[in-house]
Structures are given as C-alpha cells and as structure tokens.
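**Student:** From first to last, the protein sequence lines are chains A and C. If you're matching positions, the first sequence starts at 1 in this note's numbering and goes up one per residue. If you're matching positions, the second sequence starts at 1 in this note's numbering and goes up one per residue.
Derived by calculation from the structure, the hints in this document are not laboratory data. Just to be clear, a hint being listed does not mean it is correct.
In silico EDC-like pairs for lysine to aspartate or glutamate, Cα to Cα no more than 20 Å straight-line [what the hints assert, rightly or not]: (1) 51(A) with 241(C); (2) 354(A) with 241(C); (3) 230(C) with 18(C); (4) 51(A) with 239(C); (5) 136(C) with 119(A); (6) 375(A) with 227(C); (7) 200(A) with 81(A); (8) 315(C) with 207(C); (9) 31(A) with 202(A); (10) 375(A) with 319(C); (11) 51(A) with 18(C); (12) 233(C) with 319(C); (13) 3(C) with 119(A); (14) 315(C) with 14(A); (15) 140(A) with 181(A); (16) 131(A) with 119(A); (17) 35(C) with 18(C); (18) 242(C) with 14(A).
Taking CB as the label site, the calculated pair distances span [what the hints assert, rightly or not]: (19) 115(C) with 135(A): 54 to 60 Å; (20) 287(A) with 24(C): 47 to 53 Å; (21) 107(C) with 106(A): 46 to 52 Å; (22) 276(C) with 106(A): 58 to 64 Å; (23) 347(A) with 299(C): 28 to 34 Å; (24) 290(C) with 106(A): 52 to 58 Å; (25) 3(C) with 135(A): 30 to 36 Å; (26) 51(C) with 61(A): 56 to 62 Å; (27) 19(A) with 46(C): 53 to 59 Å; (28) 24(A) with 112(C): 38 to 44 Å; (29) 30(C) with 347(A): 49 to 55 Å; (30) 299(C) with 19(A): 19 to 25 Å.
All C-beta atoms, glycine included, are put in the ideal place defined by N, C-alpha and C.
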Amino acid sequence: MPLELKNLYDNFRDGETIKAYAKMIAEDAAKLDRTINIMEVCGGHTHTIMKFGLPQLMPKNINFIHGPGCPVCIMPKERVDHAYVLAMQEDVILVTLGDMIKVPGSNGSLQDARSKGADVRFVYSPMECLKIAEENPDKKVIFFAIGFETTTPMTAVLIDQTIKQNVPNLFFHINHVTVPEVMQELIDSRDEHVDSYNNKIDAFLGPSHVSVISGSRIYEPFPVDYKRPVVVSGFEPVDVMQGISMIVKQFVENRCELEIQYTRVVTEEGNLNAQALIEKYFEKVDLFKWRGLGNVPRSGLKLRDEYAHLDAEVIYKDVLPIAEIEDHKLCICGDILRGMAKPPECTIFGTACKPTSPLGSCMVSSEGACAAYYKYGNLL
Amino acid sequence: MNKTITIAHGNGGEENNELISKIFYKHFANDTLSKSEDAAVIEEGKLAFTTDSYTVSPLFFPGGDIGKLAVCGTCNDLAMMGAKPKYLTCSVIIEEGFSTRELEKIVRSMKQELDINGAMVVSGDTKVVPRGSIDKLFINTTGIGVIEQKGITASGLTEGMSILVSRDVGTHGATIFAAREGIALDSSIQTDCASLYPQIKALIDAEICIIALRDATRGGVAAVLNEWAKSSKVCIEVEEDKIPVQEEVKGICELLGFEAVNLANEGTFVLAVAKEDESRALEVLQKTHETSACIGTVTLLHKEKVIINTSWGTKRFLDLPTGELLPRIC
Chain A
1 MPLELKNLYD
11 NFRDGETIKA
21 YAKMIAEDAA
31 KLDRTINIME
41 VCGGHTHTIM
51 KFGLPQLMPK
61 NINFIHGPGC
71 PVCIMPKERV
81 DHAYVLAMQE
91 DVILVTLGDM
101 IKVPGSNGSL
111 QDARSKGADV
121 RFVYSPMECL
131 KIAEENPDKK
141 VIFFAIGFET
151 TTPMTAVLID
161 QTIKQNVPNL
171 FFHINHVTVP
181 EVMQELIDSR
191 DEHVDSYNNK
201 IDAFLGPSHV
211 SVISGSRIYE
221 PFPVDYKRPV
231 VVSGFEPVDV
241 MQGISMIVKQ
251 FVENRCELEI
261 QYTRVVTEEG
271 NLNAQALIEK
281 YFEKVDLFKW
291 RGLGNVPRSG
301 LKLRDEYAHL
311 DAEVIYKDVL
321 PIAEIEDHKL
331 CICGDILRGM
341 AKPPECTIFG
351 TACKPTSPLG
361 SCMVSSEGAC
371 AAYYKYGNLL
Chain C
1 MNKTITIAHG
11 NGGEENNELI
21 SKIFYKHFAN
31 DTLSKSEDAA
41 VIEEGKLAFT
51 TDSYTVSPLF
61 FPGGDIGKLA
71 VCGTCNDLAM
81 MGAKPKYLTC
91 SVIIEEGFST
101 RELEKIVRSM
111 KQELDINGAM
121 VVSGDTKVVP
131 RGSIDKLFIN
141 TTGIGVIEQK
151 GITASGLTEG
161 MSILVSRDVG
171 THGATIFAAR
181 EGIALDSSIQ
191 TDCASLYPQI
201 KALIDAEICI
211 IALRDATRGG
221 VAAVLNEWAK
231 SSKVCIEVEE
241 DKIPVQEEVK
251 GICELLGFEA
261 VNLANEGTFV
271 LAVAKEDESR
281 ALEVLQKTHE
291 TSACIGTVTL
301 LHKEKVIINT
311 SWGTKRFLDL
321 PTGELLPRIC
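In isolation and in its complexed conformation, chain C is listed as follows (with noise of 0.2 Å):
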C-alpha cells in the first residue's frame, strides 16, 4: 500500500477497498462492519445505522446540490438494507467566507429531500475552518431508520437469479463532469440524485422478495455488481446492450473515455431477485423510471467475476474501476 493517501484511495474501487482494509478494519473489526453492507443492521435486525461525508464539485449541479446529495445518500444507505429513514445528524465543515445565502439553499434543499423520506434531523454540529483548508464546504449525515424488510445481504445471491437497476446508469457521474470548469459542454443531463425509500417502499408492498439491494454510488454499478459476486461467491453475466444509458452519458463517456457502469449515481439502485421475481419487480420500477431494466443473471461461470456479454457473441470481465477516474489522453 502507497505510504500516503492518494485521491485513487477515494474511488470506490479497489485502492478504496485496501485502504478501508488495510486500516480501518483492521483495527474496528467486529462482526457488524465486517458485513461490510450500505448500512449496519443494529438491535437484533431492527435498526439500520449509517454514515457518510458529502465533498463535491461543483456544490450546485444541474437536478441537485450538496445538501440534497447529503440527506439522498445516508436515507438511501439506509434504505437500501429495507429501513424506512427515521434520524439523521447533520454535521457541516464551512469555509471562512461561505455565502450564507448559499448556506441556506443548501439546508432548504436538505429539508426537502427530509419530507420525502417522512425523516428529521434531530442533532448537529458547525465547524468553520481557515479560508483554504478545505474546498468551500463539506457535510456529514449519520441516519438511523427501523427495518422493514429483513434479510437483504451481498452475499445471498445463487445461481439463476436475475439483477436489475432501477433506471438509466452514470447520469450523476457524467453531470459532475460536464458541470466542471474546462470542459464546455453544452448538456442538458441531471444528476439522478433522488431519495429511493419510496421506490424500496413499492418493492416491499408488492411483496417482491428483495435478495441484494446497493445504490450504485461511487464505483457505479460496477462495483456493486464486482462486490456482489465476491461476497456470493458466483459469477454475474450482464448483457450490455440491455444496460440503460442515456445517449448524452453515452456521448460524455465517448468523449471522455469512461464507461457508464464505472460513473457515479446518486439515485439508481441494482436490485437481485428470484427469477420469478423478476417481471413482477420490474413492473414496479418502471412506475418510477421506465429506463428500468434487468441486466443480467447470476451463474457460475467464473466465481466472483462479473462478465459482460456483447451482441456481436464475445465476453469481457468487467473489473472494479481502479484510480481515479481521468479522462483518456487520445
């Protein structure tokens, strides 16, 4: 392991992973972190627990902010272990000379995103930093939710179960890049940044039996998919042109040199389920976003690998993303 923290160590990938490891595991271990899942199941199963630190640039982006991004992310984790979002912390690291006025757009848009996910912040805590200590402002949520569903795991997936996403893949991703300074494009894509307790809320009322369940975040679907495979010890076989992306992400990958399974969401989730499962939890998510689809199944061809199939008959593994993420040079 490099002797100093590199940005590649924050990618979601696999210098991610080693550091997480190497470091932190290794001296917290106990057996809830070694689940190693969005959100600690606490309480005999029936509380979800998490946290997470927002740091983006820029902080405004076309469909989001860094507070809706803030509350998305922590209920999401929570909802992603089927619990309903109940308390959240809020923590703020600001920048001497923040706008206040931004300050508050910021929180207006963190209450909003509460009311969706009927959860409050109950506690807090302000920091304000020396001008070029950190890059304008960062902010923590912790989240409690009760669990509604029980069982959901990485590591329940077996052969012949089918994986699905709940919309088109990378938007977030491919918003961030085309928002940044030095790259004038002229887009009209959204983060797909959005609180997914209501659509996991659909999938329990509908009785769909959830095996796995992971919001594609950092390392995008990529990661979920290649984490999957290890914890279950099975292969994942995705067909690549059933994978919903939209043709402006499309565009911004070709020109950037990405993958849209590698790009970041912030509102789209990879859902295993029983076969039988399959159209009925589909049917659900597509009353949310019709690009919803089922990507693939689970087998046994090459354990703890994730393989992508083309049209034209050839396969490929499809890794976890390593580095940071850089545009190709030619």
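If we strip away everything but chain A, and leave its shape as in the complex, we get (with noise of 0.2 Å):
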C-alpha cells in the first residue's frame, strides 16, 4: 500500500488557518501590557519556527526564546570522544541515529572517524542494530544511544530484544536525556556562575513527542511551583501557532496553567508500557554534563547496573577518557540553550562557527538554534 501520511500533515500547513491565528495571536497581545518570552524546549519546534518564519507572524510583544531540547546538541564533548575511541577500536562497529555522526569532538566528528577506517553506521531505527550484530558475528556493535524521552523507549526495546535473542556481540553506550530536569535547570539553576534568575522565559512551549511517552503531566510543576504556563504542543505549524495562542490567552485571562494543545496523540499519563520498559533498563544518574549547559542533577539515564555487562562504559572503561572539555570560550551556545541570548547575537555566529565547520552545540545539528537561524535566516 502507498505511503498516506498526508492527513498526518496536510492540514497543519493550511496558509488561511495559520493566518487566522496570527490574527487571533495579534488581538490578544494588544490586550496585555509587556513582552511575553516563549521557550520552545525543543530543537523541533525551534526548526518548524524558523523553517516556517513563524516569528514573522508574531506582534512586537510575542518573542520565541530557543531552548536546549536537541540531543544532538547538548552532547558535551566527553561524550562525543567517548563515541570517537570507542568507533576506533578495531572490533567495534559504532552505530547511532543521524546527526550525531557530525558532532565535533576533540579529535573529530564521527564521520572524521570513519574517514580515518572506523566502521561508523547511523540507522534510522535502532533495531536494526540486531541485524548489524548478526550479520557481523566477528565484531562488537555498540549502539550509542542518544536522544530525549522519544527515542529511549527504542533503545529499552532494543536491550530487551538483545537479552530476550541472547545476542552476544551488542553493546550500549547510553546517553539518553530528560526534559523536566533541564527546563528546571533553566529556571532555577544550581550552578553560581550563571544567574539563571536573570532568566527572561515567562512559559514554556512543551514538545509533543516527549509527552506521547511521558504523558503531559510531567509539565505539572512548571504552572504551580514556577508560575510559567506551560502548553504541550504539536510541531507542524498549525500547533505552534494554536500553542501560543494557548499561552498568550493564558497570560490575557490571567491564569498560568498546563494545558494540551496537541490533543489528537498526548495523555496524562502517556505511554504506560513504554515508560515500564524505561524504568525496567535504566536509572537516573546524579549529574549529566549538558553542552553549554553544564551538569544538571537527575537530567541523565544509565544501564541499571545488573546490565553491567551490556554497558560499553564499564566494558571500555580503561580506554575511555575522563578529562573535563571546556566548552569554546568565543561560543555562547549556553547562553542561547538558556534563552539568555539569541544565534545573531554570538560574535563567531555564521563566521567562525557555520554547520559545514560548528564551534558551538546549537550548530551541529539542524536542529540546533544557531543552524536554523544561519539556514532559514530572518527576513524580517
């Protein structure tokens, strides 16, 4: 049967829909008195915001703040060089998902490794992992696994089925990463070096995707601890014009709520198998170094340790480095993951630092602040 995907998407891009909410937006932000800053967590909503030129649809007082939602780009560089000499060992085979192979370490990108002989593969779906590793009996495959609460369940499946297929060549490097913490982080920032009071989010434009597994609930503290408004949105542009509505009716009628804009997926409690699998394989870790950002408590997974033997962080654990990487001192991808700054703004943007050659996290990935903003550019 052909592909039919066209009603996942046709009607989130109808030009008349997106204008009447442009107009709606518009009439409502005339009502309120000051400037609104609206985080999107997430590095999709930022590419469909840029790729669309929504902000160009926006009043003067409705701001897009970028957040650090792509997992690509907050992969500090020991994580990156862990990658890196794990690919360069002889019998591995190092597999991961698209972007990350172009994520600079301190000794190169992946795609550098595998310019220099080592077996890197991306997949589109880790379960193709079990076909590298059957087909390659000779060879430890090791999956580095990256992502938010939308590609962990993959990764947790995949554990199960290399257990329950007793695989004996597949392996784990895991680096997976959770929203809530950092968007506290963001807020309220246990870090002294960085005044993250100064923050300028006044509510948050939550990634649909997370919530289909984690259920909206996990926004709960954000309306009642925090005071930001908080609506759970969908990524075509339809949704994020319907979820600033949301928020700016919110901040009009005074209220500061968790709401659901993308209704047709996103439950309360989300996917409760999925989470159980989650919580079947993995454990938070007390800190999780974020590029940019730097460590942010519980914000990280790893292996439970009766997996010990999957792990290839405890399996290399001898030629894997430990030195702590400054981030490049001219780059101030912390400040934009923040919300504190935007791409333009860096003195190295689009000069020093372009996606052909990124200094900066928001760089790499296009999904990254700084790549949407040097591809799509603002006409406005």
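Using the hints, build the complex out of the two chains.
**Tutor:** In structure tokens:
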C-alpha cells in the first residue's frame, strides 16, 4: 500500500488557518502591557518556527526564545570523545542515529573517524542493530544511544530484544536525557556562575512527542511551583500557532496552567508500557553534563547495574577518556540554550562557526537554534 | 577545510563546492573549467564535453539501475548545454565476485538509454578490483555532444525572468531512500531517471529562448537555484505551494525530515526563460509531464540568495544543502 502520510500534516500547514491564528494572537497580544517570552524547549519546534517563518507572524510583544531540546546539540565533547574512541577500536562497529555523526569532539567527529577507517554506521531505527550484530559475529556492535524521552523507549526495546534473543555482541553506550530536569535547571540553576534567576522565560511550549511517552503530567510543577504556563504542542506550523495562541490567552485571562494543544495523541499519563520498559533497564544518573549548560542534576539515564555486562562504558572503562573539557570560549551556546541570547548575538555566528564547521553545539544539528537561524535566516 | 575527505564532500552542496574550488579548480584553472557549467563548451561553441562517475546503492531500484543512470546522467549534462548527445565512453570498475548476469542487465539498460538519445559508446575500459575495495560496481561515462542552441548559461538570469521545473521534484532521492535497507517503506514511488534530450529538443524546436538550464541532480532544485542566484548575482523567489512534489515524496520527506527541493533528481531539470516565453515553454514541458510548473521569478530582493514565499505570507531563505543528507533524530 502506498504511503498515506498526507493526513498527518496536510491540514496542519494550511495558509488560511495559520493566518487566522496570527490574527487571533495579534488581537490578544494587544491586550497585554508587556512582552511575553515563550521558550520552545525542543529543537524540533525551533526548526518548525524558523523553517515556516513564524516569528514574522508574531506581534512585537510576543518573542520566541529557543531552548536546549536538541539531543545532538547538548552532547558534551566528553561523550562525543567516548563515541570516537569506541569507533576507533579495531573490532567495533559503532552505530548511532543521524546527525550525531557530525558532532565535533576533541579529535573530530564520528564522520572524521569514519574517514580514518572506523566502521561507523547510522540507522533509522535502533532495531537495525540486531541485524548488524547478527551479520558481524566477529565484531562488537556498540549502539551509541542518544535522545530525549522520545528515543529512549526504542533503546529500551532494543536492550530487551538483545537479552531475549541472547545476542552476544551488542552493547550500549547510553546518553539519554530528560526534559523536565533541564527546564527546571533553566529557571532554577544551581550553578553559581550563572545568574539564571535573570532568565527571560515567561512560558514554555512543551514538545508533544516527549509527552506522547511521558504524559503531560511531567510539566505539572512548572505552572504551580515556577509560575510558568506550559502548553504541550505539536510540531506542524498550525500546531505551534495554536499553542502560542493558547499561551497568550492564558496571560490575557491571567491564568497559569498546564494545557495540551496536541490532544490528538497526548494524554496526561502517556505510554505506560514504554515507561515500564524504561524503568526496567534505566536509572537516573546524579549529574549529566550538557554541552553549554554544564552538569544538570538527574537529567540523564544510565543502564541499571544488573545490565552492566551490556554497558560499553563499563566494558571499555580503561580506554574511555575521563578528563573534563571546556566549551569553546567564544561560543555563547550556553546563553542561547538558556534563552538569554539569540544566535546572531554571538560574535562567531556565521563566521568562524557555520554548519560545515561548527564550533558550538547549537550549530551542529539542523535542530539547533544557530543552525536554524543560519539556514533559514530571518528576513524581517 | 577538513584534513580528510568525508562523505559530506560529495554531497553536491557547500562542502562539495569548497572541495572543488580549493583543490581541483585551484590547480586545473582555465577559462572553460571556471565557467562551472554542466558540460564544457569547446571547439568555439560547437561541442559540449562532460564526464561523470556513478556510484549508487542499491544498484537496482524502482524505475532504474546504475546503468540507466550512467547514460542518462552524462547525456543529460550535454543536453543541459543545448547539445545533442553523440559519443560516449564507458569505463567500469567491478568488485571481484560481481555477477556477470547483473552486469549484462546493467549494460543492456545502458544500451536502451543510448538509443533514446541517439548516442553510442565508442570507447571503454574495464577494471576488476579485489573484494572489499569498492561497493560492487562503479561506472564512469564521458560524453561529447553537438550544440544545437548556443548561449545557455547559469550567469544569464536577469530580473523578471521565470523559473520552471520540468516535473515534480525529489522522486529519485526519495526512491533511493525508500529502497535502502533499514527503512521498511512500502512505497510505489519510482525514480524520475530519464534522458532529457528529447524534451530539450522539443523546447528548441518550439523556438523557446532558453536562458539557463540545469538538471537538478545531487543537491536537488535548491542547489541549482542557489548556483544560478550566485552566478547571475540575482535573487530567485519561489512560491512554496507551486513547487510540484508527489504526495509519496512529501510523505518520505516528512518521515525522515528532508525537504523535497534538496533531494536528488535524475530526470528533472530547472529552466529559466524570459517572462514572455513562460507559458509556451510550460506548454511544451507539460506534453511530457503534466506536473511541470512555473515555480518562481528572478528578482533583486536579496542578491545571490534564494527565497521561499509561503502561502501564509512569510519568507525564508532556501540555502544550499550542507553535510551528508541524514534523517532527523526525533
């Protein structure tokens, strides 16, 4: 049967609907006496906002600020170096997802490792690792797992199958991170060097795909404890426009709530089966370092100790580097990820730092704020 | 520039341009090469001359194979200079262990495509390399054609001209992605791989004054438009909803996070004509493909840039694709 994806996006890009939302947002925003800074947490939203030129439709007092939600962008050099070192092991096939192979570490990216002879492969679905492991019995296949709540269940299923099918040569390097903890960090940083109480975030546009897995309730503390409304929104331009409209209405009506725009899939509880599987194989780490943001408490996952025999970080402990690496001095990705600056404010944006030679994290992946600004520009 | 070559250096986009200009053009520099056209115009404008190598995985895909690609690609490069393809060379590098039956199937499909162009292979070379040295089979074809319409150039665009595409875009790239291992896509999509000379001949016969012509191969329509905008120092504005894209291609793009205008084509060209020739050119093109369309115009809004106008009134730049074309993560 031919692909029938049309219904999934077609109506959500309708020009007239987008214009109608723009009008409604403008009318509501006119009732406000201040600027509202809305942070889209997820890089997918940043990508949509820039690709479809949505800032051009916003009234002056509605401002987009871009969050830290790109799994590639936030990967610290230390972890990329792990991937590089693992890939360079003679008997290893390193497997990861898409854009990850472009992220520069201290010695280069996985793409560079590949050009030096390493066997690096990217897959569309982690389940392909099973086939790669089966076809290469004399190699150790390591899945370098990345991503937020959205990709974690896929890794959990792969681990589950690895155990059930008794695959002897498939291992895991886990770099999964979680959204609520980093959102909390942006408002309530424990880093004494960063004045995050000075952040500009007035409201959050929450990524819908995260809540498909984890439910909308993961954002409950934000309106209650932090007085920031959250609207869980889809990724099509109509979704984003409706999400923004819902946030603006909350300010007009003096409400501060957690709402769901993406009601066609998101529930309060989320996918309980996926959550159970994640719980079975993973546990929180005390600190996970985010590129540009530093250590964020309980924001990362690791394999539970009983699965240490599958953990590449344990198996290759002796060869993996442990030294801390500073971010590039001129790069202001940290401020961008915290919503304190926009990409063009960086002195190296588009000059020393470009998608073909990224120095900072936000330029690396197509979902990073800098890459989105560089690619789509801003014609206003 | 990187110290080592990566896959991104062959993407038809920014890194590819950098590699070519900083290494090959630097040392080979001459007036003919520096024009950077699809095919070199030689012998005082009488002949067009070009070469291309073909590597594709899988070798056979819906609607074509590497052999068809190797003839179409080179003949199309000649046709894009307004030339009739005449003589080709064929050089193959084969991995030890390759099936002779498959090789013959590929060569048969080359012959079929040569006939469509009225061209012939007049010289060739065969090399066999140890298993593992290459991925199955590489083909290089070089071609010479006789120019039938002179003066076609990427640097000839001026304000007010119309930009047309010969059919819906992105099908070859989408077909290859759908046919690759690892994506279980149940799709009926076929490559657009085809010889374009017959269509170019029809345009010439209809006395359309072709300003610029380019088949949108690697880098897709986005790469062609950017190249023209830069070469002619103009702005090209395209209307997003006028770009013809098959529903299935749209679906694959949505699934993998691509844009159809960045995907490779093997039988789709972009054409620039004067505004007064637009409707006649479209009439000729639509005889072959109903989906051919006028997608934009040449303006001076942001020189050397390509702009996409959306149906809800916003604008954005359409840049050259960068890096290896990789699916988005989430």
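**Student:** Decide, hint by hint, whether the structure agrees.
**Tutor:** How the hints compare with the structure:
1. The straight-line distance between the Cα atoms of residue 51(A) and residue 241(C) is roughly 14 Å, inside the 20 Å bound, and the hint therefore holds.
2. Our distance criterion of 20 Å between C-alpha atoms is broken by residue 354(A) and residue 241(C), whose separation comes to about 29 Å.
3. Annotation: proposed proximity of residue 230(C) to residue 18(C) holds, straight-line Cα distance about 15 Å (limit 20 Å).
4. Distance hint between residue 51(A) and residue 239(C) is fulfilled; the C-alpha atoms sit about 14 Å from each other, no more than 20 Å.
5. For the proposed pair residue 136(C) and residue 119(A), the alpha carbon gap of about 18 Å is at most 20 Å, so the pair holds.
6. With a CA separation close to 16 Å, the supplied pair residue 375(A) and residue 227(C) stays within the 20 Å bound.
7. A threshold of 20 Å between alpha carbons decides the hint, and for residue 200(A) with residue 81(A) the separation of about 33 Å lies outside it, so the pair is violated.
8. Between residue 315(C) and residue 207(C) the CA atoms are separated by roughly 35 Å; this puts the pair beyond 20 Å, and the hint is violated.
9. Restraint check for residue 31(A) and residue 202(A): the C-alpha separation of about 16 Å stays at or below 20 Å, so the hint holds.
10. Note on residue 375(A) and residue 319(C): the hinted pairing holds, with a Cα-Cα distance of about 6 Å set against a maximum of 20 Å.
11. Proposed proximity of residue 51(A) and residue 18(C) is contradicted: the alpha carbons are some 25 Å apart, above 20 Å.
12. Taken as a hint, the residue 233(C) and residue 319(C) pair is honoured in the structure, with Cα atoms around 15 Å apart against an allowance of 20 Å.
13. The straight-line distance between the Cα atoms of residue 3(C) and residue 119(A) is roughly 19 Å, inside the 20 Å bound, and the hint therefore holds.
14. Taking the CA atoms of residue 315(C) and residue 14(A), the gap is near 16 Å; set against the 20 Å cutoff, the hint holds.
15. Straight-line distance between C-alpha atoms of residue 140(A) and residue 181(A) comes to about 33 Å, which puts the hinted pair past the 20 Å bound.
16. Note on residue 131(A) and residue 119(A): the hinted pairing holds, with a Cα-Cα distance of about 15 Å set against a maximum of 20 Å.
17. Using a Cα cut-off of 20 Å, the hinted pair residue 35(C) and residue 18(C) holds, with the two alpha carbons roughly 16 Å apart.
18. Restraint check for residue 242(C) and residue 14(A): satisfied, since their Cα atoms lie roughly 14 Å apart, inside the 20 Å limit.
19. A hinted range of 54 to 60 Å is violated for the C-beta pair residue 115(C) and residue 135(A), which are about 40 Å apart.
20. As the Cβ distance of residue 287(A) to residue 24(C) is approximately 49 Å, the hint placing it in 47 to 53 Å holds.
21. At about 49 Å, the CB distance of residue 107(C) to residue 106(A) agrees with the hint of 46 to 52 Å.
22. For residue 276(C) and residue 106(A), the hinted distance range of 58 to 64 Å is satisfied, since their beta carbons lie about 59 Å from each other.
23. The hinted window of 28 to 34 Å between residue 347(A) and residue 299(C) holds, with their beta carbons roughly 32 Å apart.
24. The hint said 52 to 58 Å for the Cβ distance between residue 290(C) and residue 106(A), and at roughly 54 Å that hint holds.
25. A hinted range of 30 to 36 Å holds for the C-beta pair residue 3(C) and residue 135(A), which are about 32 Å apart.
26. Taking 56 to 62 Å as the suggested C-beta distance range, the pair residue 51(C) and residue 61(A) conforms, at roughly 58 Å.
27. Range check, residue 19(A) to residue 46(C): Cβ separation about 54 Å, and the 53 to 59 Å hint holds.
28. A hinted range of 38 to 44 Å for the beta carbons of residue 24(A) and residue 112(C) is inconsistent with their spacing of about 58 Å.
29. Distance hint check for residue 30(C) and residue 347(A): the Cβ-Cβ separation is about 40 Å, which falls outside the suggested range of 49 to 55 Å.
30. The supplied range of 19 to 25 Å is met by residue 299(C) and residue 19(A), whose beta-carbon atoms lie about 23 Å from each other.
Going down the numbered hints, you'll see the structure goes against 2, 7, 8, 11, 15, 19, 28, 29, while the others check out.
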